[in-house]
Amino acid sequence: MPALRADRVRAVAGVLVSGHRCVLGGVWLLFAAIFALVGATIAATDGITTSVWDFASYGPKYFLLSLGVMLSTAHLPAYVANGVTRREFALGGGLFIAAVALVSAAVMAAGYLVEGLIYGAAGLPQELTTPHLYTSADQIGLVLVEFALVFLAHLVSGWLIGTAFARLGWSAIALVVPAALPALATDLAINSGWTPAAAAALGWTVPRLPAGVALGLAVVLAGWVATYLVTRDMPLKTT
Amino acid sequence: MTSPDVVARGLTLRYGRTTALDDVTFTLAGGRIYGLLGRNGAGKTSLLSLLAGFRRPSGGRLTVAGAEPFEDPQVTEQVALVRDPGPLYDMWRVSEVLDFAARMRPRWDAACAERLVERFEVPLRRRVMTLSHGKKSALSITVGLAARAPITAFDEAYLGLDAPSRYAFYDELLADYATHPRTIIISTHLIEEVASLFEEVLILHRGRLLLHEDSDTLRSRGAAVTGPAAAVDRFVDGLTALGERRLGPTKSVTVYGELDGERTRRARAAGLDIDPVPLQDLFVHLTEDDARAAAATGGAS
Chain W
1 MPALRADRVR
11 AVAGVLVSGH
21 RCVLGGVWLL
31 FAAIFALVGA
41 TIAATDGITT
51 SVWDFASYGP
61 KYFLLSLGVM
71 LSTAHLPAYV
81 ANGVTRREFA
91 LGGGLFIAAV
101 ALVSAAVMAA
111 GYLVEGLIYG
121 AAGLPQELTT
131 PHLYTSADQI
141 GLVLVEFALV
151 FLAHLVSGWL
161 IGTAFARLGW
171 SAIALVVPAA
181 LPALATDLAI
191 NSGWTPAAAA
201 ALGWTVPRLP
211 AGVALGLAVV
221 LAGWVATYLV
231 TRDMPLKTT
Chain Z
1 MTSPDVVARG
11 LTLRYGRTTA
21 LDDVTFTLAG
31 GRIYGLLGRN
41 GAGKTSLLSL
51 LAGFRRPSGG
61 RLTVAGAEPF
71 EDPQVTEQVA
81 LVRDPGPLYD
91 MWRVSEVLDF
101 AARMRPRWDA
111 ACAERLVERF
121 EVPLRRRVMT
131 LSHGKKSALS
141 ITVGLAARAP
151 ITAFDEAYLG
161 LDAPSRYAFY
171 DELLADYATH
181 PRTIIISTHL
191 IEEVASLFEE
201 VLILHRGRLL
211 LHEDSDTLRS
221 RGAAVTGPAA
231 AVDRFVDGLT
241 ALGERRLGPT
251 KSVTVYGELD
261 GERTRRARAA
271 GLDIDPVPLQ
281 DLFVHLTEDD
291 ARAAAATGGA
301 S
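Note that the protein sequences, when read in sequence, are chains W and Z. Going by the numbering used here, the first sequence opens with residue 1, and the numbers climb by one from there. Going by the numbering used here, the second sequence opens with residue 1, and the numbers climb by one from there.
These are computed hints drawn from the structure, not numbers from a lab. Hints may contain errors.
Distance windows between CB atoms, simulated [said to hold, decoys possible]: (1) Asp5/Z x Thr73/W: 52 to 62 Å; (2) Glu262/Z x Asp233/W: 21 to 31 Å; (3) Ala174/W x Thr217/Z: 46 to 56 Å; (4) Arg61/Z x Leu29/W: 46 to 56 Å.
Using 20 Å as the maximum straight-line C-alpha spacing, the simulated SDA-like pairs for lysine to any residue come out as follows [to be verified]: (5) Lys237/W x Tyr89/Z; (6) Lys251/Z x Asp237/Z; (7) Lys237/W x Thr18/Z; (8) Lys251/Z x Arg268/Z; (9) Lys237/W x Arg56/Z; (10) Lys237/W x Asp237/Z; (11) Lys237/W x Thr19/Z; (12) Lys237/W x Val284/Z; (13) Lys237/W x Asp90/Z; (14) Lys237/W x Ser58/Z; (15) Lys251/Z x Val236/Z.
Computed from a prediction, not measured in an experiment: that's the story for all the values here. All C-beta atoms in this analysis are idealised placements derived from N, C-alpha and C, irrespective of residue type, glycine included.
Turn these sequences into a full structure, and let the hints steer you where they fit.
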């Protein structure tokens, strides 16, 4: 196998990051504004009794899934046309989604902190009502771990779905559910989102820390490897 | 800049049941300008897509400096495939497209890019999606030339340009080639516009290499013999006639095959005119039907 150019991998990640900065910043600002408005409306009408920001992750994680879909369909051909190999793109794209997941997790944690300050000043309880790795919004480390993994898993699933469609066309519709497994399994493994409730209804036992995090990481890694395996000899259209 | 040789041996590419390239063999020496000609569906884009690492061959080998392009970074960084409209980000501004290419292309010439966007009047602040077809073509060409890749292939990349811009492109290409010699491959339908640039010509026909010749040699292989019909008929008897036109008693027959000095002298003595055949006419004749193509393949290497 030809030697890998680390500078090229960094360049791919760097261009992807700089190309998505504005979109990501805009989306997070939009979600923050929506939840601030929702919070203000609830406070002005029924009165707040639980954390509003606790529901903020649902929109972003599906946005990140769609961002992952675009990686192979919209970006890969432009990179290959500029001399980048699929392997370099897979590695650079991996760094990119890791960075996006970490920053997005930091935004989620920051949101809890800001909400905690506002609720504290107003004497309101910041009660969590959805399943998480953490039991309190001030457990910043666990908040970061949960959302970094959840967002990373959704990015990987989106990337795998997009790559399957780029390679197989509409036949890939049959692969959407298997390709979504990293996102679904990670939610389940770390007790986040709606899958734990579904699992409980079916009588499954949800693994907890640290096994859940390890399982989530393994699933994410498996999803990335699967994406690379589909990409590595994928023909690209020239028209 | 030294340009590596491009070598194809038994190169074959299939899309399902369709064979796009069929057992194609050639060697392109580095540092020359090649014309890649062929009718629609002849396999030109397929060949260039293999060169750029867009896909793997189904059979045979294509190598650049001895290595296969697919997923070899040492090769892919040496090849620039310029297409129309090209893989550009619609949402990006022109300046961002140039910044992107600058980061990805190790030999990027920013001054060249700046000069070309100015010459083709491509607005740097505009988003790609808002550009006209012609400006998108100009941007693709700018990225391709400024990449300074040792192998630069233009796949109909300039068809969106209007005629003055196309001639400006030919000027820029020649000037750039003179100062930075490298392998240039031009795939085109506008043969006569660019024929003077070609040092060698490859003609693909139904996925097979019909011929690969030095362009001067190719031109000398064809001749238009014009004169009184009876004299022309006698002269071309035994030669491969590619086509004929008749106007009253005068007849013109295009023949394929080199006319030696003796034949040329006899033609002149018989009052016949011998003229070179435009490359486009030769191309049309050669690819008009399979029988003619088969008759002409003696020159393929």
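Right, here's what the structure says about each hint:
Against the hinted window of 52 to 62 Å, the Cβ-Cβ separation of Asp5/Z and Thr73/W comes to about 35 Å, which falls outside the hint. At roughly 57 Å, the beta carbons of Glu262/Z and Asp233/W sit outside the given window of 21 to 31 Å. Range check, Ala174/W to Thr217/Z: Cβ separation about 55 Å, and the 46 to 56 Å hint holds. The beta-carbon spacing between Arg61/Z and Leu29/W, approximately 53 Å, falls within the hinted interval of 46 to 56 Å.
Distance check on the hinted pair: Lys237/W and Tyr89/Z sit about 16 Å apart at the alpha-carbon level, within 20 Å; holds. As the CA atoms of Lys251/Z and Asp237/Z are separated by approximately 14 Å, the hinted pair is consistent with the 20 Å bound. Distance hint between Lys237/W and Thr18/Z is fulfilled; the C-alpha atoms sit about 15 Å from each other, no more than 20 Å. Distance check on the hinted pair: Lys251/Z and Arg268/Z sit about 15 Å apart at the alpha-carbon level, within 20 Å; holds.
Between Lys237/W and Arg56/Z the alpha-carbon distance is near 12 Å, which keeps this suggested pair within the 20 Å criterion. Proximity of Lys237/W to Asp237/Z is assessed by CA-CA distance (about 48 Å); at most 20 Å being required, the pair is judged violated. At roughly 16 Å between alpha-carbon atoms, Lys237/W and Thr19/Z fall within 20 Å of each other, so this suggested pair holds. Only pairs whose Cα atoms come within 20 Å are accepted, and Lys237/W paired with Val284/Z is rejected, the gap being roughly 28 Å.
Using a Cα cut-off of 20 Å, the hinted pair Lys237/W and Asp90/Z holds, with the two alpha carbons roughly 17 Å apart. Taking the CA atoms of Lys237/W and Ser58/Z, the gap is near 15 Å; set against the 20 Å cutoff, the hint holds. For a cut-off of 20 Å, the pair hint linking Lys251/Z to Val236/Z stands: about 11 Å separates their Cα positions.
Hints 1, 2, 10, 12 from the list above are not met by this structure, while the remaining hints are.
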